[in-house]
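Asks: Listed here are the chains, written in short residue letters.
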Amino acid sequence: MLRMLLRRLFLGAVTVVIVSVIIFAGVEILPGDACTAFLEREAQGRLLENCREAQGLNRPAAERYLDWAASALRGDLGVSANGGVSIAELVGNRLKNSLLLAACALGVGVPLAIVLGVVTGLWRDRWIDLLFSTGAIFAMTIPEFVSATVLILVFSVWLGWLPGIVLTSAGAPASEFFPEILLPVIVLAMVMTAHILRMVRSSVIEVMAGDYVQMATLKGVPYWRIVFRHALPNALLPAINVVALTVAWLLGGVVVVEVVFNYPGLGRMMIDAISDRDLPVVQAIALIVATVYVVVNLTADLLTMVLNPRLRTHYMRQR
Amino acid sequence: MSAPMIEIAGLSVGFTGRGGATLPVLRDIDLTVRPGESLGLVGESGSGKSTLALAAMGYLKRGLRRLGGSARFRGEDMFAKSRTELEAVRGGKLALIPQNSGQSLTPTLRIGAQLGEALRLHAGLPADQHRGRVLDLLGQVRLPDPEAIFDRFPHELSGGQQQRAAIAMALAGAPDALLLDEPTTGLDVTTQAHILELLRDLAAARGMAMVYVSHDLGAIARVCDRVAVMYAGEIVLQGSVRQVLKAPAHPYARGLLASIPRLSDPALPVALGGRPPAPGQAGAGCAFVDRCAIAEPRCRGEHPALAPLPTGDAVRCHFPDRAQMLPIAGQGSASDDTRGDAPVLTLNDLSISYARPGLFDRLLGRDAAAVPTVADVSLTVRRGETLGLVGESGSGKSTILKTVAGLLGAAGGEIRFEDTLLPRVVERRSPDQLRRIQLVFQNPDDSLNPRQTVAEILEQPLKLYFGLSGQALHDRSVAILDRVRLGAHYLDRLPGQLSGGEKQRVAIARAFAAEPDLVLCDEVTSALDVSVQAAVLDLLDDLKRSQGTTYIFVSHDLAVVRALSDRVAVLYQGRLCEIGPSARVYGLPSHPYTEVLLGAVLEPDPDIAPRLTADDVVELAPPARGCAFQRRCPRKLGSICETDTPPWRMGDGGHAVRCHIDLPDLAAVLEPSAG
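Just so you know, the protein sequences line up as chains A and B, in that order.
The first sequence lines up with residues 1 to 319 when you count with this note's numbering.
The second sequence lines up with residues 1001 to 1675 when you count with this note's numbering.
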């Protein structure tokens, strides 16, 4: 078990390293660098040389990669090309805001999705299933900017209940984001609920038609006990990985929603950095998002393994 | 006579078909089971036998509904009960033992918890006594180390252990009646024989009534007093097990018996042609009329009633006296000896290992598991010969086939095809080498692409190996279908539109389309009904005669192997135990493992009891040294079996047994150990 944990951690680390190389290489291949972006039209001749000298950009790429990677490991992501602010500080605030948004959306979406998924699965083809299953397809297919715009129109323009955009500054404490955060949370929760609901529903249907549920019925186990004790622990296992992907999606910056609501999260920062050609920031965010994906998926795999006795034995045997 | 335990009267069950018509699955069933009695329900797949057993619990699968009649348990109609009333009876006084316990036990609950739940629901025992009672039940079904099993999850048990756990669960409510839905299908012969002995003992000790559903007449013969034969949703014959298995008065029952290969008979079984009518397709007359050898016009027009006979049976046939004249065994043709002298395939010291070194092991330069799955297998297959490979699951028989086909790389040794050395993996073999070795898989549902028509399936090898196209391609496809006795109209069908036997014929046709020299058959009849199995065996034998094909035939069914094979090799844990001409291997002297296997085979004859000489222990890995069979061997000599690899002892006609005991001593019959 321990060996397998170490193995997975090692492989996760390898993935992050490979991704970091790709990110670095990608930025390297692009024409221009931090200095050309910073100096703009004056990026030529001595001025450019001096800047590159100062930033250490004229050293070989491999050396600069190692330098960058080593300081990233220490939590130092370098300084932004625009204004020379510490990237760790800039990104830190934004990451916190993205976490807040993700946590709220998950807190609303995951329980709702599981309850609705189970209900629609158990009452398959009844009106309640048709209602929510069709609703889920709508929620999935309507682009977020459309639903966001409609919600702003209804709740802030017509009804005036909720603020339509976020005006709080990026560095403010979490509590100040309420109630501005509510509309973006609703938009995100709708999309993710729809995805998870459909997955849970089909999983519940499959498990309820399975041999061991039939066996439990013929053993005289009451219906709700079958549902909660025999069916759901098995039906919800595959949901863990879908939830993990959703978490990664939320943390990786839900650009469209952040832009529509002016929410100061990672996604918007990324867009801003790209348009400013602030390459150190772009690099840093890409690395953070990649790490988030790796960590979240690793957590989901380990969690599935702990909860699924079959996988558990499988890895125990491998030891 | 005591009051019936289970009484089914006029029960009809059906479903609504595509056109809105009601299609019956069970038609007007009458059946009674008395306390302490065990009744067998037999029939081909689709005959409604499982539906009937579940209906006795008031349970119908999704989509099915009761059209009429009743199913009473101790006088109470199960279909009239409310959900809570049903919950009290099910798993309590009336318990089910399912077909596939591996899938019928909840994967996320420990065995102890699942048995405890049954106790909590039905036993009325104080909670603090549950653990003790569960351990007691696990002991009763002869599971070793109940304490350890208690804390295991279902997947951590072997198939036989899972089945025993399911039996223990059924016993938790101290049932008066047990319904058994193919409880030993899919288990190894020795495990099956042990489970059946256990069920017999339990039923006798507790006076339980049993309804035993099976397609296996051998199992029925072992545990049942009475038998009901089902066909197309009806009971066509009912009587004592001896009467039904030895002198059945219905043509279908006779055909079924004749299609079963027997261990004692080296001839091929006789196939029962045709297929049963689909639900709703049976005409006004007898449902069996299209397959019946003695059918008359009256059979087509008039539905026969289930009528009593002087012998005490009841039969649904207009001409039971004439049915008695039909053969039930021993009329099949013996498989011809078409052997030549030239070796087609030679395996030299073949060893195969499933364990692959992991990333870390490779980085650290470590080797994979030291004990390979299959080790030092050497054998020769001559042209036109059929070599049977037998052994329990995990014996490596399919592994060897896959290695010969190049799907699995061998870890050591060599594979020679005629006089050339075959590359180990498929990628390195030449197209011609690939063409000359073809593989037929166990389950045609998995090996045929469900989206390809039969024509597309057959054209693939023809295009690939012979570059055929256009009319020539079509003509060849038709000719090949004809060879497997299917008409040209099958070309446009999809596998989903074929019956199990037809699908397997298409799979065989695909293999033969390549004009192979060697055909590897991996449990090709295991997924089929006996009557269909007989037809496929007959087809394989026919192809061998007309094409001069060489087969390696893998099966866990010793009687099937006997019917088709010229020579037989017995494998245990990936090691050859015995090899030789069929008659020699199936006779004495035998390797102790062969003896155990043969002793456990169930014949469809209530007068032949199996001889159980070794426990059905499942071994996960072969021992590192000595004889592979040392841990289970009833004839084990002592430490020599644990330390030294046994020598090959050569008998007559190429018969060889790998054992420390010499042949004259092995020829003496071993008496079954007590208990």
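Some hints here could point you the wrong way.
[Claimed, not checked] Distance ranges between label pairs, derived from CB positions:
hint, chain 1, residue 1, chain 2, residue 2, range
1, B, S1469, A, R124, 46 to 52 Å
2, B, Q1452, A, Y223, 39 to 45 Å
3, A, M4, B, S1264, 49 to 55 Å
4, A, P222, B, D1349, 55 to 61 Å
5, A, R124, B, H1155, 47 to 53 Å
6, A, V115, B, G1274, 50 to 56 Å
7, A, T149, B, Q1460, 49 to 55 Å
8, B, A1088, A, I137, 41 to 47 Å
9, A, G92, B, Q1452, 19 to 25 Å
10, B, S1393, A, L9, 44 to 50 Å
11, A, I271, B, V1426, 46 to 52 Å
[What the hints assert, rightly or not] Here are some chain B residues pointing at chain A (derived, C-beta under 8 Å):
hint, residue
12, E1087
13, G1092
14, L1096
15, P1098
16, Q1103
17, T1108
18, L1119
19, T1645
20, W1648
Worth flagging that the hints you see were computed from the coordinates, not collected in a lab.
Here the structure is a predicted model, which is why all the values come from computation and not from measurement.
We put the CB at the ideal spot given by N, CA and C, even for glycine.
Asks: Would you mind marking each hint as holding or not holding in the structure?
Replies: Hint check:
At about 48 Å, the CB distance of S1469 (chain B) to R124 (chain A) agrees with the hint of 46 to 52 Å. Taken as a hint, the range 39 to 45 Å holds for the pair Q1452 (chain B) and Y223 (chain A), whose Cβ atoms sit roughly 42 Å apart. M4 (chain A) and S1264 (chain B) have their C-beta atoms about 52 Å apart, which keeps the hinted 49 to 55 Å range intact. In this structure the supplied range 55 to 61 Å holds for P222 (chain A) paired with D1349 (chain B), their Cβ-Cβ distance being about 60 Å.
Distance hint check: the CB atoms of R124 (chain A) and H1155 (chain B) are about 28 Å apart, inconsistent with the given range 47 to 53 Å. Taking 50 to 56 Å as the suggested C-beta distance range, the pair V115 (chain A) and G1274 (chain B) conforms, at roughly 53 Å. The hinted range of 49 to 55 Å is satisfied by T149 (chain A) and Q1460 (chain B), whose Cβ atoms lie roughly 54 Å apart. The hinted range of 41 to 47 Å is satisfied by A1088 (chain B) and I137 (chain A), whose Cβ atoms lie roughly 42 Å apart.
A hinted range of 19 to 25 Å for the beta carbons of G92 (chain A) and Q1452 (chain B) is inconsistent with their spacing of about 57 Å. The hinted range of 44 to 50 Å is not satisfied by S1393 (chain B) and L9 (chain A), whose Cβ atoms lie roughly 37 Å apart. Range check, I271 (chain A) to V1426 (chain B): about 50 Å between beta-carbon atoms, so the 46 to 52 Å window is met. Nearest Cβ of chain A to the Cβ of E1087 (chain B): about 4 Å, under the 8 Å cut. The hint holds.
Proximity of G1092 (chain B) to chain A holds as hinted, the smallest CB-CB distance being about 6 Å (cut-off 8 Å). Satisfaction of the interface hint for L1096 (chain B) is found here, the shortest Cβ-Cβ separation to chain A being roughly 5 Å, below the 8 Å cut-off. Hint status for P1098 (chain B) relative to chain A: holds, with the closest Cβ pair at about 5 Å, below 8 Å. Restraint check, Q1103 (chain B) versus chain A: the minimum CB separation of about 4 Å is within 8 Å; hint holds.
Interface restraint check for T1108 (chain B): the shortest CB-CB distance to chain A comes to about 4 Å, inside 8 Å, so the restraint holds. The interface hint given for L1119 (chain B) is violated, since its Cβ lies 11 Å from the closest Cβ of chain A, which is over the 8 Å cut-off. Annotation: T1645 (chain B) was flagged as interfacial toward chain A, and the flag is violated, the nearest CB pair being 27 Å apart, outside 8 Å. The criterion of a C-beta within 8 Å of any C-beta in chain A is not met by W1648 (chain B), whose closest approach is roughly 34 Å, and the hint is violated.
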